[in-house]
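*Asks:* Start from the sequences and build out the full structure, keeping to the hints where you can.
Just so you know, the sequences run in chain order A and B. Its first residue numbered 1, the first sequence is counted upward by one per residue in our numbering. Its first residue numbered 1001, the second sequence is counted upward by one per residue in our numbering.
Heads up, a few of these hints could be off.
Restraint ranges, calculated between C-beta atoms of paired labels, are given here [to be verified]:
1. R1003/B - D137/A: 57 to 63 angstroms
2. V1008/B - I251/A: 49 to 55 angstroms
3. S102/A - Y1004/B: 52 to 58 angstroms
I should point out that these hints are in silico values taken from the structure, not numbers from a laboratory. Note that CB positions come from ideal geometry on N, CA and C, so glycine has one too.
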Amino acid sequence: MTDPGKQPVPIVRLVGVEKKLGRQRVLRGVDLEIRTGENMVIIGRSGGGKSVLLKHILGLMQPDAGQVWFRDKDMAQLTEEQMVPLRKETGMLFQNGALFDSLTVGENVAFPLREHGNGISEENIRAEVTRALKIVDLPNQGSKWPSELSGGMRKRVALARAAIAKPALMLYDEPTAGLDPIVADSINKLMVRLGEELNMTSVIVTHDMVSAREVGDRIAMLHEGRIYCVDEPGVILASEDPIVRRFVNGISDASDAVF
Amino acid sequence: MLRYANQVGTRFFGQLRMAGQVVFLLQDIVRCLFHYRIRVGLLIRQIDFIGAKSVPVVVITGSFIGAVFAAQTEFQFKDLGLSSGVGPVVALALCRELGPVLCALMIAGRVGSAMAAELATMKITEQIDALRALAVYPTEYLIVPRFLGMIISMPILVGLAILCGIGAGYYVAVHILAVPGVYYWNNTVKYTHAKDIWIGLVKGFFFGIYILLVGCNKGLNAAQGAEGVGLATTEAVVDAFIIILIANFFFTFLLNTLL
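*Replies:* Dropping the structure here:
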């Protein structure tokens, strides 16, 4: 662990977050600090509550117990409308993109600027959208409809939409899942670049270990509803702990493979 | 026995909860009306969808109900020598009951179902979460334009249904069944008062609000998956139908004393 005296201020702090969905206790007391400017990768089994955790950070879900601090505000205490100004500082990439299918690709990407652009001119918006689409390697696709795109393309459009307003905090839900290795790599590089150039803080939920290693400044492992460990990628990858080792190396129990 | 009681209880509380959700939704809509600028573009799109695109359906409904009602009334009244009374009977029935109720049923089927399906799809594909994540309050962006579109369109559609019904009734009675046109028309005008038309329009207005609230509420609270969308759509239509028919009874007495 790094020296606590050097720790920058956390932008997000989760304290004892618990959440039950139906009868399943998905989160059982999550404690996690995300520091300003870092790329925090959260790994864990599928269905282990990683996406749920991410949604708590934005207040899209409310915890049953615990606190979710974003800067100096506890999201768990705010109403939906009080969160709106806080969410202007955040962006989220959803697992399947979640593009608005009543809007074209270009309108989707322009959405944050049109909503909160503070009177930015239509001409500038168009220029920004063109630039953003070029960055995600989808030039001249602005007039298409989301339904005309493949899953990977949709995800990249969604990334452009989430990042175009240059939020201080970006949340990525499985950014590389379902993409071919080359696109996945470009997304990884993009995430790193956004973090460096715009000084964004990123929280990346993934079970893609390649992505975790490449992007993460720190890796947190969510296991059975709690944060099992948090450390730098090198430490996690070299960990001797059986649970971490099994996940990192992708080893199933013999008993997992029995029908 | 106990299971039966349990089922009835669950159903009852389900309805009660839905009633509560609908009231809160209405309260939220009214609040948003005063707190946010109205989105003219989205409103126009909704007026087009709810109002303009419903015109053919409403014209056909109104016309054929008026035509059939005039024919049946004339068949019965002829033997009593009351042919000149057909006009006002048709007009009053259309203004007070048939126009608003049948128009509302058609709109519930066409618009209420579409709203429920669209919002439910947006919910399960995380588009509503995406909207929230992009710092837009869903009620304000999604529901308010639909609400305004509905309360603007509905009275006009009801008026149109009434007009078409009276016109078609006149045509059938006078041109097909040879009722003297002058008597028919003069009696229609003489016995139809502003109050009768008001009753129709006011009923239509409130039915419209109800269709909207049920449709949106079902959509926003849809369960996951394709099944959830289907269920939300069906329930939106069935619930709206039932409530329109029951509420109509009470409206009739209430408006008869009030207006």
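*Asks:* Against each hint, give a clear statement of whether it holds in the structure.
*Replies:* Each hint, compared with the structure:
1. R1003/B - D137/A: 57 to 63 angstroms: Cβ of R1003/B to Cβ of D137/A: about 58 angstroms, so the range 57 to 63 angstroms holds.
2. V1008/B - I251/A: 49 to 55 angstroms: The hint (49 to 55 angstroms, Cβ to Cβ) holds, given that V1008/B and I251/A are roughly 52 angstroms apart.
3. S102/A - Y1004/B: 52 to 58 angstroms: violated (44 angstroms)
Hint 3 from the list above is the single one not met by this structure.
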